[in-house]
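Each protein sequence line maps, in turn, to chains A and B.
My numbering puts the first residue of the first sequence at -16, with every later residue one more than the last.
My numbering puts the first residue of the second sequence at -16, with every later residue one more than the last.
Accuracy of the hints is not assured; some may be wrong.
For chains that are exact copies, the list does not tell them apart, and a pair is met inside one copy or across any two.
Here are the computed lysine-lysine pairs in the BS3-like style, where the Cα-Cα straight-line distance is at most 27 Å [to be verified]:
| # | residue 1 | residue 2 |
| --- | --- | --- |
| 1 | LYS460 | LYS175 |
| 2 | LYS(-12) | LYS230 |
| 3 | LYS151 | LYS439 |
| 4 | LYS392 | LYS439 |
| 5 | LYS6 | LYS368 |
Just so you know, these hints were derived from the structure itself, not from any lab.
It should be emphasised that the depicted structure is a prediction, and the values quoted were computed from it without experimental measurement.
Number of protein chains: 2
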Amino acid sequence: MSNNKIIDLFLNPKSVAVIGASKNPMKGGNRIVDNLVSNNFKGKIYPINPTSEGELFGLEFKKSVLDIEEEVDLAVFYVPNRAIPHILTECIQKGIKGAIIEASGFEEVGEKGLELRDQILKITDNFSKIRIMGPNCMGLTRIDGDSNGKDNAKGGLFTSFGVFYKYKTGNVAIISQSGMLNGGYLMYMMEKYPDLGIRYSCSIGNKMDLSEIEFLEYFIDDPTVNVIAVYLESFKDPRKFIELCKKARKIPNKTIILVKGGITSQGQKASLSHTGSLAENSQLIKAIIKQSSVIQARNFFELFQFARTFSMLYREKIIMPKQGNVALVAGSGGVGTISADLIVEYGLKFPNLDESIYNKLIEIFPEWMPPNRFALVDIWPAMEKAMMNEINPGNIVGSVYELLLNDDKIEGILNMMFCSSRFRTFNNYENVVDHINNHSKPIFFWLIGEIREIRKVSQLLNEHNIPNFPSLEDMIKNFWILVQDSKNKNKS
Amino acid sequence: MSNNKIIDLFLNPKSVAVIGASKNPMKGGNRIVDNLVSNNFKGKIYPINPTSEGELFGLEFKKSVLDIEEEVDLAVFYVPNRAIPHILTECIQKGIKGAIIEASGFEEVGEKGLELRDQILKITDNFSKIRIMGPNCMGLTRIDGDSNGKDNAKGGLFTSFGVFYKYKTGNVAIISQSGMLNGGYLMYMMEKYPDLGIRYSCSIGNKMDLSEIEFLEYFIDDPTVNVIAVYLESFKDPRKFIELCKKARKIPNKTIILVKGGITSQGQKASLSHTGSLAENSQLIKAIIKQSSVIQARNFFELFQFARTFSMLYREKIIMPKQGNVALVAGSGGVGTISADLIVEYGLKFPNLDESIYNKLIEIFPEWMPPNRFALVDIWPAMEKAMMNEINPGNIVGSVYELLLNDDKIEGILNMMFCSSRFRTFNNYENVVDHINNHSKPIFFWLIGEIREIRKVSQLLNEHNIPNFPSLEDMIKNFWILVQDSKNKNKS
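Full structure from sequences and hints, please.
Pasting the structure below:
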C-alpha cells in the first residue's frame, strides 16, 4: 500500500473497533466510543471488551475483534500495554490493517518498554501485517463539520480519549508528539480562537511505526489542508522530512509551521522521559530546520497563533507580502516609535509614501501636524481635524486605508485599534471591515481598550478572517512570518 | 526648592486651577475638572475660562487665575498652544509654582514649535519662576484609593483629560513619554489586571523642563513605590539617570523597568515627530541601559506584565530567586520538553533534586513511571496512582509543592494548570493557594483550559498576589526577570 493509502485508511476508516470500550464513563475506552458516536462517525463502531455484556451507546459489545462478522479497517486500543501483544495478534488474524495504540509505557520507560516494542515488531513482522499509530498517543481526529453547525452538522472521526465539545472544521492539520496539542491544549485553542478551523489532528506519540513523515506527505497532497502545524521531539527521517518540506514550498497555499522540542540537552533529557526520543545533535537539528525552511515557532502558543494567521489569510486568498513593506496606522506617537523599532528588528520596513499618495494624505491632516512621509500614520490629528469640520472621525480610518492600500509598494497594514463603547464614533468597525474586504492585502489589528468591547470587535474581525492580536509585538511577528514564508517559497 | 519638594508640589498640590475648563463634555478641559471632582480630589479646584459663566460641577468659573483670592499650587493647562505664553505670565504673577501643559505643537512640529518654546523659556526665566510638566502630555495621576472601594474610598489627583473609571491603588509608579501609557493603555491594563495597583502615573511628554530624572528621584525615595515603570524616547541626563538607577539597586524592594523607544534609526525618525526627541547614538543608548542595569522590556505589554509580577511579589514579601534554580510541575510531557528548552535559553535551570526529597517524591509516583531526578515533574502518573488508590488526585499537587519547596536549592516553582470545571477534582485551587501562602518562594502559574474557568482561577490567584500567565514563555520570562533583578542588585 502507498503511504497515502495507509494514512487514508487511518483518517477515513469505514469501520472502527474500540478495544477496551467500557461502560464506566471515567475510563478512556468509554469516552472514545462516546466521541465517535456523539460526533456522528458515519462508519460502523464495534465496542470490544472480553468482560463486558450488553450495549454501549446502543452498540453491542463483542468479546474480541474475531467475533465481528464484517470487515474492520481500524482498531483503537485503550488497554494497558501488557494486553497489547495478544490483542494485536487477533487484529492481524481478523485482517485489520491499522491500529491506534494510546497506552504509554514503551520506549519512554526504558528496558521493559523496549522488550514490549520488540514483541510488537515480531508480531507485526516489522509492521508489514498491520500499521501502528502511537503508542503513547491521543489518537487522531478528523473534523468534517462544526460542533454548533446547523442541522447537526457535527461529523468526522474522533478517536481521542479526551472529550471534544466545541470545534470548527477548517484548513489546519496538526501533527504532534505531545498529546496535549491534540487534547487539552487544542480544545483550549479552539475555544480561544473560535474561528480557527481544524481539519485533522494527529497524535503520533512515540511513532513506533507511522510518524510525521507519512502524515506530512498526506497533508501536502490534501487540498483541504493549507496549514500544517507540527510538534516534534525527534526527526524520524530527516532527509525525507526536508524533501517533503521542499515539495510543500512549491505549493502556493501550503505552509508548514514547526515547533521542535529537545533542542537543548536539558530539553532532550525531558524528551527522553516523555516520548523516548533519543538525543539528537543540536547542530544537526539546526541544519535540518534550516534546510526544511519551514516557519519555526518557539512554543505552542506561537504554533497556534501562526497557524491561525495563515489559516485566515489562505481562506480569504490574501496576497502574501514578499518584501516586508508595511504601513502602520495608530492613534499614538509612542506606539509609532516602539513599532518602528520592532519593525526594524523583524527586518520589515515602513516605506516612503508615493508622492501622489502623500499629497492626498496631507489633505486629511491639519496644517499644524502633517503626516510622516513614510508609512507610519498617527491618525489622531486627522481625526481632530475631521471633528473640527464636523466630519465623522470614524470615516477617516477608511480614507487612510484607501490611500495606503493604493500605494503599490505597501504590502499590508498594521493597526492599533482602541476599542471603546464610549468612543465608537472614532472606530466605525463595520465600515473598517467593508474597506478591508475589498482588498487582497493583509490587514492586521492590535486591539486595546475595554475588555468587553475588545471581545466584540475581535469576534467581528474573526468572522471576516481578519487577524487580530492582543499585543503589538504579536501583530508584527505574525506579519513577519508571512514575509518569511514568501521568501522560503522562493527558495529552490 | 529641592527636586523632591517640586515633585511633591506636583503630586500633592493643595489647590489646582484648570485652565481651559469647559462646560462642553467633549472638551478635555471639562473632563479634567470632572476627573478631579469625581475622584474626590481633597484640595481646592478652580475652573478657569475667560468666556465661561456660572458653575462647573458646582465650582464657580473664574476668568483668570488672577481672579482667585487664595493661593494656588498647580495650574493644569488645556488650551491651544498659542494661548500659553499669556496665561503662563499670569500664573507667574499669581505665584503659582507648577504648571502641567497638555497641549502639543512644540518641538515635535519643528520651527514654529521651537519659537514657542523659546518664548516660554524667556517668560519663566529658564523655569526658575514656574516649573513645567509637558508639554504634549496627559498630566499626572496619584491614586490614593480604589475605584470600587468601600465608603467611596476613591481618592487622589487626576489631571488627565482621559477618563479613569476602574483603578486600584498600589505600589507601581509610571513615568512615560507616551501619553497612551498614562491614558488609554493604562486603563486597558488596569481592566486586564484588576489587581494591578498603581500609585502614580506621570506623563512627561516633551519634558521641556521636568523630566524622568525628577520623578525617578522622587519615586526612589517614596516608600509607597516598589516598581517604577518607565517609557522614554530620549534620556534627559544620562549620567544622572545611571546614578539614580544605581541608587535604586541598593534598595531591596525597588525595581525599575524600562522600555526605550527610538533605538533604531526608523524608531528615532518616528520619535522625532512624536516628542521632538533628537536622534541618539544607538551605541550610547545601549551603554546607558547597560550601565543603569534596569530591567529592560521590549514593548508596552512586557512593561506592564513585568511591573505586575514585581508588584505582586513585593506585596507578599517573596524571596526573590538569585541563581535561577526553578522547578516545573506540569501534566504534559511535551510541555516539559519545551519548557526545558526555554529554561536553558533564559539561563535558568532545573536542578537535580536532593536525594532525600527524591526518595519521598518517588513514593507518590507509580512504579512504572518514576519521576525525573531533576526538578521537572510530570504530575500526571502520580495523579493516576492516587486515583487507583482512591486518593483525591487534587491533593497530589500540594504534596509535590511541599516536597519541592523544601529543597533548599529550588528557588521557585513554575506550574502548568489545566482549568476545567469538569476536572476540578484534579486541581483543588483553594488548597493550592493555601500551600503557596505558607511559603515565601515565588510560585507562578500558566493557565490553560476552559476560558471561563481560567478567568475564575486567575481572579483567585490575583487576589492572593500569585502571578499567572497566558503563555508558557511569558511565565518563564517573568521568572527570569526576577533573577536578572537580583543579579543587578548585586552589582556595585
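We went through each hint and held it up to the structure:
1. LYS460 <-> LYS175: both (19 Å within a copy, 22 Å between copies)
2. LYS(-12) <-> LYS230: Result: close within a single copy only, 19 Å intra versus 70 Å inter.
3. LYS151 <-> LYS439: both (19 Å within a copy, 25 Å between copies)
4. LYS392 <-> LYS439: Answer is neither: 32 Å inside a copy and 47 Å across each miss the 27 Å cutoff.
5. LYS6 <-> LYS368: The answer is between: 21 Å across copies meets 27 Å, while 70 Å in one copy does not.
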